[in-house]
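**Q** Each protein sequence line maps, in turn, to chains A and B. The working numbering applies: residue 1 is where the first sequence begins, and numbers increase by one. The working numbering applies: residue 367 is where the second sequence begins, and numbers increase by one.
Calculated from the structure, these hints are not laboratory results. Note that this is a predicted model, so its numbers are computed, not measured. Treat the hints with caution; some may be incorrect.
Here are the simulated distance ranges between beta carbons [said to hold, decoys possible]:
#1 Ala699/B <-> Asp213/A: 27 to 33 Å
#2 Asp535/B <-> Glu54/A: 37 to 43 Å
#3 Leu347/A <-> Arg555/B: 57 to 63 Å
#4 Leu347/A <-> Glu580/B: 53 to 59 Å
#5 Gly92/A <-> Gly629/B: 41 to 47 Å
#6 Arg646/B <-> Pro111/A: 37 to 43 Å
Positions of the beta carbon are idealized from the N, C-alpha and C atoms, including for glycine.
Protein chains: 2
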Amino acid sequence: MKLLNSLNFSGGPGVLPEIVLQQVQESMLAVPEIGLSVLGISHRSDWFAAVVAEVERNIKTLLGLPENYHVLLLQGGATQQFSMVPMTLLRGKTHPAQYLHTGYWSGKALPEAAREGPMSVAWSGESCAFRHLPQDDELAFSAEAPYIHYVSNETVEGLQFHRVLGRDDVPRVCDMSSDFLSRPCEAERFSLIYAHAQKNIGPAGVTVVLVRDELLADAPTNLPGFLDYRQQIKAHSNLNTPPVFAIYVILLVTRWLLQDIGGVAQMDQINRSKAALLYRQLDQSDGFYRGRADRQDRSLMNVAFNLATPELERKFLAEATAAGFSGLGGHRAIGGVRASIYNALTLTAVEKLLGFMEDFQRAQRS
Amino acid sequence: MKLLNSLNFSGGPGVLPEIVLQQVQESMLAVPEIGLSVLGISHRSDWFAAVVAEVERNIKTLLGLPENYHVLLLQGGATQQFSMVPMTLLRGKTHPAQYLHTGYWSGKALPEAAREGPMSVAWSGESCAFRHLPQDDELAFSAEAPYIHYVSNETVEGLQFHRVLGRDDVPRVCDMSSDFLSRPCEAERFSLIYAHAQKNIGPAGVTVVLVRDELLADAPTNLPGFLDYRQQIKAHSNLNTPPVFAIYVILLVTRWLLQDIGGVAQMDQINRSKAALLYRQLDQSDGFYRGRADRQDRSLMNVAFNLATPELERKFLAEATAAGFSGLGGHRAIGGVRASIYNALTLTAVEKLLGFMEDFQRAQRS
């Protein structure tokens with residue numbers, strides 16, 4: 001039996017705040033101040049220009065970013081950024097950009113960089129099956145590198161950096177797709193941050209890019225416009241028709257973060273509470289639930305764990321689904337179980353999952 | 367005073383069927399059969415695989431396309447296709463592809479092609495200010511061209527081809543963004559058709575590409591995956607997270623076309639009726655309303671016209687907006703007035719506009 005509304009622990013597209021969904025629902029037939037469906041409003045309207053301007057402002061306010069950062073709202077997902085970054089910063093360079101290979105998603109960025117220019121892998125977690133992240137003394141960052149690239153949170157393996165990497169004299173580029181606006185991130189220490197929307201800030205189909213103006217000084221001028229950060233900046237993300245609806249949802253989510261939650265520091269507190277409850281449950285289960293990531297690198301967004309056997313995991317997932325918990329299956333690349341607890345996943349939903357996990361464990365032992 | 371729901375004559379993003387908007391609205395909080403918001407359903411779910419499969423099937427059914435055509439649902443708009451087409455078919459070629467320059471949008475495709483390989487402009491409407499399209503005897507298509515490229519309907523100027531161009535031994539590539547699924551189009555005579563969604567089939571943020579399998583036999587293998595038609599085909603448009611929501615809307619629109627309207631021939635009949643009413647109004651206005659395009663090339667989708675002076679046009683647009691008609695301003699590139707009457711714009715809405723136009727004309731002369 002399917003519940004009317006499941007609790008959504010999916011790795012992404014993930015859950016969005018109920019209050020945002022209600023506003024979006026209303027806008028389907030007519031955005032109140034406009035009298036048109038949000039799906040049929042011109043991207044050249046004053047209304048939409050104001051939406052983009054407010055999204056830009058809200059994101060800069062949430063992260064405390066100064067004037068020399070641009071906020072872009074692009075199509076193509078983080079995957080397109082895997083290519084746009086080296087197309088812009090690596091073509092024709094002599095020294096390699098340094099990439100960290102810390103899991104499934106950072107691994108996807110490697111061949112796209114290699115296609116465009118010289119790159120090297122500064123550290124790889126392959127030998128530890130991506131169960132932990134590098135320590136500082138395992139890393140050597142070169143002053144010659146055009147940039148370093150890493151992924152702040154690996155959704156598949158449930159790993160997250162809790163510090164900023166690299167060196168201040170080399171541009172930092174970071175894929176924050178799965179923890180963007182989930183916590184303060186010292187954004188000003190990065191030259192370029194990108195994040196697709198579908199974890200914490202909106203529906204699939206739009207990607208936020210924050211880029212420091214100076215980074216683009218030597219960018220190539222022969223790229224097609226949609227792949228050219230400078231052209232996109234000049235057009236305020238409206239070079240060609242942008243995904244109006246997805247951007248409108250980001251507007252509502254950033255308003256929710258600012259007005260209802262109070263900011264990313266407050267969001268971080270809530271996210272830490274949720275994660276602490278789940279990890280405690282794993283750690284106190286006498287090995288019944290086994291956290292995948294080493295403790296110091298545990299993600300606050302994706303709690304990946306295993307049970308004793310694949311059979312038991314299948315049973316767990318089947319019963320969880322029947323009980324109204326959705327999206328708990330681990331990523332197809334590694335299997336297991338994964339509870340994704342993005343910004344909009346409530347503490348109440350986590351508490352319900354804890355209850356289910358406790359009941360399931362007890363039932364297996366009785 | 368703003369009406370609660372304006373009638374949307376916008377050039378795009380355009381109006382969608384009311385019945386589709388109601389279904390979409392319901393899906394915001396929970397898709398009935400799933401119990402999750404459509405914005406939070408995994409793109410790797412069985413549900414979404416079925417959505418994509420049905421969209422592929424519906425579009426092929428609507429256009430009568432055989433097995434050797436693939437249906438893709440990509441990001442980046444027609445603009446991305448302006449580049450993907452020559453990246454795929456023109457790089458490294460000796461003979462130029464032939465492009466027709468028939469208006470604003472086909473003009474945008476030219477520099478993107480020239481960036482990638484040899485191209486020539488087979489005909490340009492610049493000298494006639496894009497008031498008409500080429501006659502057959504003005505066109506010479508080369509058997510050596512890798513492909514020909516044209517735009518079936520120019521939204522800005524209100525021009526539309528009412529025949530298929532080119533020769534059967536050279537691949538035809540056509541941008542049908544603004545009249546896709548509005549009429550039968552002899553789709554099998556084209557090797558590649560692309561159309562962004564935001565006129566007739568969905569919200570901005572997704573683009574349909576129909577491509578004949580044989581066309582890609584010699585396509586380059588060194589493109590990033592998101593720009594590689596073959597990789598997208600293999601992944602059924604799910605190479606990286608696609609715009610799930612926008613694709614779901616296309617599903618509902620194609621169902622509406624198949625089940626409620628009865629197909630593209632029936633849609634064409636309705637569209638012809640709407641256009642005929644509007645053009646008759648222009649032609650019978652004693653020159654008060656002046657159709658922009660020459661008669662034989664008039665668009666069934668975008669009725670572009672002028673009034674005697676820019677002042678009078680401004681007055682017309684201001685009063686039309688106040689009366690609840692939205693989006694009637696001409697494209698910023700050329701001004702004037704434009705009534706876009708895409709699939710979902712009802713005959714009733716057209717009739718209301720006719721009434722308004724009549725009243726406005728009478729008021730100026732009294």
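**Q** Please go over all the hints and tell whether each is borne out by the structure.
**A** Verification of the hints:
| no. | hint | in the structure |
| --- | --- | --- |
| 1 | Ala699/B <-> Asp213/A: 27 to 33 Å | holds, 29 Å |
| 2 | Asp535/B <-> Glu54/A: 37 to 43 Å | violated, 53 Å |
| 3 | Leu347/A <-> Arg555/B: 57 to 63 Å | holds, 59 Å |
| 4 | Leu347/A <-> Glu580/B: 53 to 59 Å | holds, 56 Å |
| 5 | Gly92/A <-> Gly629/B: 41 to 47 Å | violated, 52 Å |
| 6 | Arg646/B <-> Pro111/A: 37 to 43 Å | violated, 59 Å |
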